[in-house]
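Next come the chains, spelled out residue by residue.
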Amino acid sequence: MSTEALPALRRRASAVMAALFRPLLSPAVAVVIAIAVGAILVAVVGQNPIYVYAILVEGGLVGWPNLSVALQLTTPLIFTGLAVALSFRAGLWNIGAEGQMLMGALAAGILGYAVSLPAPLHIPLCVTAAFLGGALWAAVPALLRVYLSVNELVVCLMMNPIALLLTGYVSARALKAPGPTNKLPDIHDTAILPNFSLFSQLNAGIFIALVACGVVTFMNSATVRGFEWKILGLNPRFAYYGGIDVGRNALAVFLVSGGIAGLAGAEQVLGVYKAYYDNFSPGYGFDGIAVAMLAKNSPIGVIFAAFLFGAMNAGSVVLQMMTGVSKYLVQVLQFIIVLVLAAQFSFSWLARRTPPDR
Amino acid sequence: MDSDLAYSAIRISTPLIYAALGGLLTYQAGILNIALDGFMIVAAFAAIAVAYATESLTLGVIGGCISAIVLAALLAVFNLRLRANIFIAGIAVTFLAYGLTALLLKGVLGQEGVFSSDRIPTFPPLRIPVIADLPIVGPPLSGHTLLVYLAYLLVPVVAFFLYRTRWGLRVRVVGEAEDAASAAGINIFAIKFETMLLSGLFCGLAGAYLSLGYVSLFAKQMTNERGLIALAAIFFAKGNPYWTAAVALLFGTATALSVRLPEVTGLAPQLLELIPYVVTLLTLVAVGVRKTRTRSRHGAWRFEL
Amino acid sequence: MGADGDVIAMSHIAKRFDELVAIHDASLTVRAGEIHALVGENGAGKTTLMNILYGLLPRDRGDIHLRGEPVQFVGPAQAIAAGIGMVHQHFKLAPSFTVAENIILGAEPLKSLDRIDRTKAEQETAELGRRFGLGLDPRSIVGALPVGLRQRVEILKALYRDAEIMILDEPTAVLTPQETRELFTTMRRLAEHGRSIIFITHKLREVIAVSDRISVMRHGRIISTEPNQGVTAHHLASLMVGRSVLLRVHKTKADPSEDRLLSVERLTAIGDRDETAVDGVSFFVRAGEIVGLAGVQGNGQDELVQCIAGMRRPVSGRVGICGAVTEHADPRARRAAGLAYIPADRERVGLSLTSQAWENLTVGHLPEFSRGVALMANAARRRAGELIRRFDVRGARESTLAGSLSGGNQQKVQLARELTRQARVVIAEQPSRGVDIGAIEAIHRVLVEMRESGRAVFVISADLDELFSLTDRILVMYRGRIVADLVADKTDVEAVGRLMGGLHEDVEASPEFESGERKGHVH
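Protein chains in written order, with the numbering used here: chain S, 1 to 358; chain V, 1 to 305; chain R, 1 to 523.
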């Protein structure tokens, strides 16, 4: 009895340890590999990797001025990362956050200047419009996916340039503000999200982002929908068999996901730029994919992953100014992380279902 | 319509046809390769960088192809050996390629967004002896560069290998019934790896054509989703090389129209640039409708990936 | 040749998958020109052992000698080259390709430039078929062939590669009695040509009918090998399970009410290969009875059940559950009407293997655990714990991943989930597939309890013994139609077997049909 119990106990103890550390292990490994490969690339470009990384860290994290820029750049990534994570968890590939964010931003930008309201109404109106704008844009891949089984990846990726061209048409042609810049007119003061940093455009939008993460956490763990979405992601056939309305849930996931991506646009327009600028995004929607992967689709994880990438992006601007290294170094690092995580992702999945072939 | 339009349609379709040929080989082997754009962009960059350094077009094209093949091998290793999801890995490789080329553009060529140089030689237009003198079809068909003709000549070559050879049979069986292939002792990994490398080769030609033939410059993300458009063509043609090329040519014609229409109509360029994307999207809708029709006949559950 | 005419000698093979030991210690010899049956229950390790021989799986311990030479195959290509062929239970064919293409795959005759020599391929295919009496049109598309002919393609594939040793894994599972007889003729002919055949099965009558020697496998061990002389099915059965089998559930006589809880009216449905899989089927199941559906796999049972469960859209006809009659409904509506469905495909349909036990037990019960939008997760977990105890799901806790449970325990999770719903119609599809004997008894007992409590129970099984021990009425399905509706006590396995083989139209006309080879091809 006791001779059998001891190894069992030991096994359980090591299982507990593994359960505690495994979620953090693979992201850590991925980050280390990315840093190593990045160092080689920096050396290829003829720079000192240690110096480059030191600047990257300093530029992203050291001192409130740098930190506030990092937080400013974190905010949109929380939204887009959350949007992508929500859809990935449900087994749907919404990688069109970029386009959804643009449409959300456009909606907020138009209502921000075209409507006059007191601030307590104006800001919610613009934020809601941004959510709907993003959701609307996500409805296209969603409907095609659910009713016609068209691969949503390709449609999502196609919707991104379409959004860019459409918003470009509106902001550079149809509703262009007078002046040399391709932008809409400035939004009214009543629509501006208050800024609280002298050194950056860090604004109240970050609280909306954190609240959104909280709401999604609650949805995932404590609501019927969240439960259904998880099952949908793990085995859609089983979900359907078990009486979960797969089509309607898939639509809902896409719309909510697109809406959250749209909120990123609201934050950018209402908090950072105070107007819709053509082509304002450096690719927050795509970085959101990397954020979601690093966070393993956890909404709380998204906050930390977004901060890591926000700080990297902030550091990369300093990097580009101080050295000859392009800020795109950071994009390379981010997607190396995604690539490595993708590999481990499936490893653990495989290990769980080694077939005892009979 | 007029021969100028036809001429530019043939020219504009060239990179689409290369990319589509690359994509359809993996498609036939059962891999949906969404990293075609990534392969193309590294090739476009490497081609122009090598051509700039050596002043040789041949070396430029070879350099472009090699770089795309290397990237394809990376994706293949992650997907086939490390079991990474092809979609995630494909997206990662694509954005990695965008970032890497932008990084190297600044780091190696010292440019911020666009690079061009008059040190880079250009492809001479080829006059095709008999065809050039034909009425109507002569002018659009003659006077293209070598890489354009190569793209169209590769279509029957790919079809030949796919449908006539042992390799092609194995590729198609791997794509349709992997277990049948492995039970017959076929090395599935090798077959998939080979199609992926060939995907790299064809996208390499596409990328090299983009930066050395189509225009003579490199710009960030200059592939403009051509890989996705090529994928739509492949879906629509169910991977048949001839039909895929025909659909790609159709997309190219739509693009050629969008390039020329501003002069004619005075419409905003942004709206006209939408044409190829919207046409592609409509094609995907058509694919979906077709698929749904065949499926609803036997009414099996419809939420399949 | 080996010392004593053995072409294959496997000695002390062992194989484990993580925690699960699939093969403890198995030794097996096969002689030239013999038909060697390998029998054992589901999960005894037969297929694993053969996959090791065929190079599909590496072994942990043990040696394999082929004609006296030690071998270690990495991948089936090497096994094929050494003259081993395997016909898998699930055919490994490419459906949209021709017979010839499937046969030559991997050993293609070539012209210059890597081109396939189609003429030669088709000639050789036809010639091979003639030589072994396995006629097939080399140009027909495999996906359009009936199951029996597809199996011929598999056998020809192995013969084309000059296989001297052929492994047939449960080859009769999908065949009608006629096709089975033809297969046995083919097997004998192959043995006469000097080929050795390893015949994996769990059908003892077939073993005794065709094999020269019989090896019995149990719990990962070969426990006996003996010549097929004077061996009885009863003896083999007790060796297989280690005790005398008594697959009889203790149940009283059924007392069905007139309440037709499940009714199917003129249901027609198209299968995945565009064939009419279900052809105007009508039947009913009353409250308080267990009705079985018998039939050779692939005669429309899967599609019929999918239509009832709402997972396939019928072309025409209606399904009624507890009086709610509809043409088509999704699984959600069917469940709401009062259906509990235990699917055969646990891995892809009935469970989410990467989800925890409580999640698997909560799907389908969501209304009980929701308050508005909120999910009462703690209550759901608690109830899952109770169900795990009540249904004796061994080795499971609420948070255990379903995929880490054994087949029998996965089945109990499905039963626990489905049978605790307020549902008066219970459909159990292959309830004992991949389940150990002990669990089968428990499962059968639960299904009988369901009947006693006034539910309508519908059992689909490929195993006639199971149907006879469990059901009150047996429907027989053949080519998409229900060809018989029999009272279980008043018929026998032989009669149902004939009906499954489509012989019903001949039964009356010629009582001596067993002797006629060509009869029975009714259509």
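Be careful, since some hints might not be right.
Facing chain V, from chain R, some residues (calculated, C-beta under 8 Å) [to be verified]:
{"no.": "1", "residue": "ARG61"}
{"no.": "2", "residue": "ASP63"}
{"no.": "3", "residue": "VAL74"}
{"no.": "4", "residue": "PRO76"}
{"no.": "5", "residue": "ALA77"}
{"no.": "6", "residue": "ILE116"}
To spell it out: a stretch of chain V is covered by chain S in this simulated footprint if at least three of its residues, at any positions, have a beta carbon under 8 Å from a beta carbon of chain S; those stretches are [what the hints assert, rightly or not]:
{"no.": "7", "segment": "82–96"}
{"no.": "8", "segment": "222–228"}
{"no.": "9", "segment": "265–274"}
The following residues of chain R were derived to be distant from chain S, with all beta-carbon distances above 12 Å [as the list claims (entries may be wrong)]:
{"no.": "10", "residue": "GLU359"}
{"no.": "11", "residue": "ALA377"}
{"no.": "12", "residue": "ARG417"}
No lab work stands behind these hints, which were simulated from the structure alone.
This one's a predicted model, so the numbers in the text were calculated from it and none came from an experiment.
No residue lacks a Cβ here, since even glycine has one placed at the ideal position from N, Cα and C.
Results of checking the hints against the structure:
Against a cut-off of 8 Å between C-beta atoms, the interface hint on R:ARG61 is violated, since the closest Cβ of chain V lies about 25 Å away. Here the hint on R:ASP63 is broken, as its CB sits about 23 Å from the closest CB of chain V, past 8 Å. Interface restraint check for R:VAL74: the shortest CB-CB distance to chain V comes to about 11 Å, outside 8 Å, so the restraint is violated. For R:PRO76, the interface hint holds, since its Cβ comes within 8 Å of a Cβ in chain V; the closest pair sits about 5 Å apart.
Restraint check, R:ALA77 versus chain V: the minimum CB separation of about 3 Å is within 8 Å; hint holds. Hint status for R:ILE116 relative to chain V: holds, with the closest Cβ pair at about 6 Å, below 8 Å. A stretch counts as covered by a chain when three or more of its residues have a beta carbon under 8 Å from one of that chain; for the segment 82–96 of chain V and chain S the count is 12, and the coverage holds. With a cut-off of 8 Å between beta carbons, the segment 222–228 of chain V has 3 residues touching chain S; three or more are needed, and the interface restraint holds.
Only residues whose C-beta sits within less than 8 Å of a C-beta in chain S count toward coverage, and the segment 265–274 of chain V has 5 of them, enough to reach three; the restraint holds. Separation of R:GLU359 from chain S is inadequate, the least Cβ-Cβ distance of about 7 Å not exceeding the 12 Å criterion. With a closest Cβ-Cβ approach of about 7 Å to chain S, R:ALA377 is found to fall inside the 12 Å limit, against its non-interface label. Chain S draws R:ARG417 into its interface by the beta-carbon criterion, the shortest separation being 8 Å against a cut-off of 12 Å.
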